[in-house]
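There are 2 protein chains.
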Amino acid sequence: MPRAVTRNPRKIRYAVIGLGHIAQVAVLPAFAHAANSELAALISDDPEKLEKLGRRYKVKARFPYDQFEECLKSGMVDAVYIALPNHLHREYTERAARAGVHVLCEKPLAVTEEDCLAMIRVCEENGVKLMVAYRLHFEEANLKAINLVQGGRLGEPRLFDSVFTMQVKEGDIRLNPRELGGGPLYDIGVYCINAVRNLFGAEPMEVVAFSANNGEPRFQQCEEMIAAILRFPGRERLASFTCSFNGTDVSTYRVVGTKGELVMEPAYEYAEDLTQRVTINGRTREHIFPKRDQFAPELISFSECILNGAAPEPSGWEGFADVRVIRALYRSADTGQPVSLSPFSKEDRPSLAQEIRRPAVRKPDLVNTEAPSE
Amino acid sequence: MPRAVTRNPRKIRYAVIGLGHIAQVAVLPAFAHAANSELAALISDDPEKLEKLGRRYKVKARFPYDQFEECLKSGMVDAVYIALPNHLHREYTERAARAGVHVLCEKPLAVTEEDCLAMIRVCEENGVKLMVAYRLHFEEANLKAINLVQGGRLGEPRLFDSVFTMQVKEGDIRLNPRELGGGPLYDIGVYCINAVRNLFGAEPMEVVAFSANNGEPRFQQCEEMIAAILRFPGRERLASFTCSFNGTDVSTYRVVGTKGELVMEPAYEYAEDLTQRVTINGRTREHIFPKRDQFAPELISFSECILNGAAPEPSGWEGFADVRVIRALYRSADTGQPVSLSPFSKEDRPSLAQEIRRPAVRKPDLVNTEAPSE
Chain A
1 MPRAVTRNPR KIRYAVIGLG HIAQVAVLPA FAHAANSELA ALISDDPEKL
51 EKLGRRYKVK ARFPYDQFEE CLKSGMVDAV YIALPNHLHR EYTERAARAG
101 VHVLCEKPLA VTEEDCLAMI RVCEENGVKL MVAYRLHFEE ANLKAINLVQ
151 GGRLGEPRLF DSVFTMQVKE GDIRLNPREL GGGPLYDIGV YCINAVRNLF
201 GAEPMEVVAF SANNGEPRFQ QCEEMIAAIL RFPGRERLAS FTCSFNGTDV
251 STYRVVGTKG ELVMEPAYEY AEDLTQRVTI NGRTREHIFP KRDQFAPELI
301 SFSECILNGA APEPSGWEGF ADVRVIRALY RSADTGQPVS LSPFSKEDRP
351 SLAQEIRRPA VRKPDLVNTE APSE
Chain B
1 MPRAVTRNPR KIRYAVIGLG HIAQVAVLPA FAHAANSELA ALISDDPEKL
51 EKLGRRYKVK ARFPYDQFEE CLKSGMVDAV YIALPNHLHR EYTERAARAG
101 VHVLCEKPLA VTEEDCLAMI RVCEENGVKL MVAYRLHFEE ANLKAINLVQ
151 GGRLGEPRLF DSVFTMQVKE GDIRLNPREL GGGPLYDIGV YCINAVRNLF
201 GAEPMEVVAF SANNGEPRFQ QCEEMIAAIL RFPGRERLAS FTCSFNGTDV
251 STYRVVGTKG ELVMEPAYEY AEDLTQRVTI NGRTREHIFP KRDQFAPELI
301 SFSECILNGA APEPSGWEGF ADVRVIRALY RSADTGQPVS LSPFSKEDRP
351 SLAQEIRRPA VRKPDLVNTE APSE
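So the protein sequences, as listed, match chains A and B. Position 228 of the first sequence, counting from 1, maps to 228 under our numbering, and the rest follow consecutively. Position 301 of the second sequence, counting from 1, maps to 301 under our numbering, and the rest follow consecutively.
Hints may contain errors.
Identical copies look the same in the list; a pair holds intra-copy or inter-copy alike.
[Said to hold, decoys possible] Pairs of lysine-lysine residues, derived as DSS-like cross-links and limited to a Cα-Cα distance of at most 30 Å, are as follows:
| # | residue 1 | residue 2 |
| --- | --- | --- |
| 1 | 169 | 259 |
| 2 | 52 | 144 |
| 3 | 11 | 58 |
| 4 | 259 | 363 |
| 5 | 11 | 291 |
| 6 | 58 | 259 |
| 7 | 60 | 144 |
| 8 | 11 | 169 |
| 9 | 73 | 363 |
| 10 | 363 | 346 |
| 11 | 346 | 52 |
| 12 | 259 | 60 |
| 13 | 73 | 144 |
| 14 | 291 | 52 |
| 15 | 363 | 52 |
| 16 | 259 | 11 |
| 17 | 346 | 60 |
| 18 | 363 | 291 |
| 19 | 259 | 73 |
Quick caveat, the hints were computed from the structure, so don't treat them as lab data.
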């Protein structure tokens with residue numbers, strides 16, 4: 001039994017690590033909608049963020065990064081929510097796990113497969129739970145899409161196509177070099193990969209990618225965009241997607257089956273309504289799913305797992321499954337060759353049973369941070 | 001001066017070769033909307049088609065294929081409209097050209113680049129005009145899309161994405177082996193390739209493709225579907241598309257620019273309204289373009305070129321430009337390697353000046369033919 005659980009059996013106390021844009025607009029406000037979760041500590045090197053956000057959310061425990069160990073050992077937190085740049089996910093996961101503190105980590109789980117495996121291992125060895133923050137695994141529109149496709153409503157689902165683009169501002173950490181987890185695949189391509197893996201209920205066996213760069217100073221350290229094709233088993237299905245940091249806001253996927261199609265547009269957003277358009281035998285039905293709090297469900301689900309000793313899903317393996325595809329796509333984009341993936345399977349897939357609904361949060365005032373895109 | 005022109009300076013007389021589905025539902029009815037064009041002869045090996053369609057359109061000159069030479073030498077036709085299976089385009093073009101008869105040929109122009117070049121050459125050598133039947137080059141919605149993208153309304157156009165799928169019935173000639181011009185690239189992929197080449201106003205420099213096959217008997221001789229990525233010059237743009245003979249009806253493309261996006265859906269149809277959705281700076285405007293006769297404009301334009309001694313556009317080189325991409329995509333799909341294309345440029349691009357509007361035709365009763373898809 002992990003130590004953390006014994007401390008507070010009714011409410012899991014979280015330290016949020018990293019107080020950037022996503023933490024401020026989504027993670028911190030979500031605690032108000034997660035009755036089994038408590039915002040117990042804030043960790044940042046920006047004293048103004050600690051002061052203002054600490055006051056706003058009534059959190060007295062505030063630590064700079066070099067006092068992270070003290071936070072972990074203080075007995076004040078049962079879990080951490082890691083909202084740090086991608087290349088820091090592994091280190092902070094390892095440190096939390098070794099202190100017996102559970103880990104809810106933003107996606108992508110890490111920069112490399114090796115990092116992911118190390119994180120899964122250290123959490124197992126230390127008896128703490130690891131969950132990856134795939135918010136859409138709890139979201140009605142996306143779960144209904146999976147349910148509809150898996151239920152055969154479109155006939156046999158044969159192909160997937162997705163476009164996810166945004167305009168990332170110069171200086172944003174998303175433009176970091178690949179070694180630090182920068183670039184469109186880690187940040188937004190991961191949504192396309194995760195979507196098709198779960199819509200098809202399968203893992204890709206071969207991938208190919210072209211990357212492109214228009215040469216702007218913004219894109220000196222990472223590519224501007226990537227287009228990819230993934231081959232899936234199960235009577236050979238194909239998926240393609242394009243993700244870019246230099247396109248107007250587009251967020252959409254489409255599954256084409258033998259008898260019908262499903263379009264989600266927007267598909268991946270958390271600050272907008274999501275729209276699902278289903279056409280079967282020539283008849284189209286559109287359904288708008290209102291904007292909801294997609295972060296509270298993650299907290300609720302993870303806290304429940306900790307409280308009840310259940311295995312969290314999306315697990316570390318779900319995070320690994322996407323990172324291994326990202327890495328294969330980069331190998332392909334670098335070498336110009338298609339890349340085969342070793343066999344990998346995952347039993348647990350998101351289902352409607354995971355759905356959790358909470359009302360949307362209001363966008364709070366930002367403290368020393370800004371939106372990544374215009 | 002080609003002989004054909006001297007025969008009838010006001011109205012170009014056409015023989016329609018091949019009386020399959022597209023000829024019956026679109027080409028033959030179009031003559032009623034093309035004042036400078038006359039349906040003068042029908043060529044088919046099906047006596048019932050010749051009899052019934054000859055009567056319907058009041059065409060007395062009816063020939064089986066083995067009397068094609070007699071038709072050409074009869075002095076009754078100035079031009080042919082070739083609506084034959086793809087692998088016959090070259091032979092019938094060569095025979096018409098050698099008889100001094102102009103050629104309007106369905107797309108794809110031919111099965112191989114070599115075929116295309118031979119067709120362009122034989123028409124030049126014999127002083128006859130060659131046009132490829134790209135109906136969307138005269139169609140308002142698509143020309144406005146090109147105009148909007150080329151005019152910079154979306155900012156810099158950075159990526160293109162398209163899906164074109166249908167359910168092709170067993171036995172349809174589209175399922176022919178590749179040597180006969182069967183398969184989704186020749187039949188529908190050509191629309192995606194033609195669209196992006198003209199939206200970007202450029203020719204791809206490198207391509208990669210995955211083909212897939214679910215093993216159904218229908219797909220014994222050609223692939224079920226193909227997904228492709230094309231790299232374009234001009235600050236490295238990417239285009240991707242998927243075309244399939246085993247998907248519900250989907251026909252859409254999207255251009256994502258730095259400031260806006262354009263979606264056409266349906267994009268490639270001739271028997272439906274076409275819808276254009278443009279989003280610029282977050283504001284969306286949708287415009288529905290009513291179904292029109294997309295075949296009469298081809299006849300009108302080609303006849304005008306013959307009557308006025310002008311160069312037809314879309315030219316044989318436009319047809320070649322797409323076939324060379326199709327062939328490169330097949331080489332990639334076969335070898336698993338990306339394929340570089342040799343430099344090629346084309347000055348003339350479709351523009352709004354080419355727009356010709358004619359009212360939609362009513363679907364006539366079919367004679368011994370059926371729609372290719374369900």
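Hint check:
Proximity of residue 169 and residue 259 under a CA criterion of 30 Å is satisfied inter-copy only: 13 Å between copies versus 41 Å inside one chain copy. Taking the shortest Cα distances, residue 52 and residue 144 never come within 30 Å of each other, neither inside one copy (39 Å) nor across copies (52 Å). Proximity of residue 11 and residue 58 under a CA criterion of 30 Å is satisfied intra-copy only: 16 Å inside one chain copy versus 85 Å between copies. Proximity of residue 259 and residue 363 under a CA criterion of 30 Å is satisfied inter-copy only: 24 Å between copies versus 41 Å inside one chain copy.
With identical chains, the CA atoms of residue 11 and residue 291 are at most 30 Å apart within one copy only, with a shortest distance of 26 Å there and 61 Å across copies. Taking the shortest Cα distances, residue 58 and residue 259 never come within 30 Å of each other, neither inside one copy (54 Å) nor across copies (41 Å). Taking identical chains as interchangeable, the C-alpha atoms of residue 60 and residue 144 are never at most 30 Å apart, the minima being 40 Å within one chain and 60 Å between chains. When the C-alpha separation of residue 11 and residue 169 is checked against a cutoff of 30 Å, the pair qualifies neither within a copy, at 38 Å, nor between copies, at 60 Å.
Taking the shortest alpha-carbon separations for residue 73 and residue 363, neither the intra-copy value of 33 Å nor the inter-copy value of 78 Å comes in at or below 30 Å. Taking identical chains as interchangeable, the C-alpha atoms of residue 363 and residue 346 are never at most 30 Å apart, the minima being 36 Å within one chain and 51 Å between chains. When the C-alpha separation of residue 346 and residue 52 is checked against a cutoff of 30 Å, the pair qualifies neither within a copy, at 42 Å, nor between copies, at 60 Å. Taking identical chains as interchangeable, the C-alpha atoms of residue 259 and residue 60 are never at most 30 Å apart, the minima being 57 Å within one chain and 43 Å between chains.
Proximity of residue 73 to residue 144 under the C-alpha cut-off of 30 Å is found in neither arrangement, the shortest distances being 41 Å within a copy and 65 Å between copies. Taking CA atoms no more than 30 Å apart as the test, residue 291 paired with residue 52 passes inside one copy only; the shortest distance there is 27 Å, against 59 Å between copies. When the C-alpha separation of residue 363 and residue 52 is checked against a cutoff of 30 Å, the pair qualifies only within one copy, where the shortest distance is 16 Å, while the shortest distance between copies is 69 Å. Within a single copy, residue 259 and residue 11 get their C-alpha atoms no closer than 47 Å, and across copies no closer than 46 Å, so neither meets the 30 Å cut-off.
Proximity of residue 346 to residue 60 under the C-alpha cut-off of 30 Å is found in neither arrangement, the shortest distances being 41 Å within a copy and 68 Å between copies. In this assembly of identical chains, residue 363 and residue 291 lie within 30 Å of each other by CA distance solely inside one copy; the values are 12 Å within and 45 Å between copies. For a Cα distance limit of 30 Å, the shortest separation of residue 259 from residue 73 qualifies neither inside one copy, at 57 Å, nor across copies, at 49 Å.
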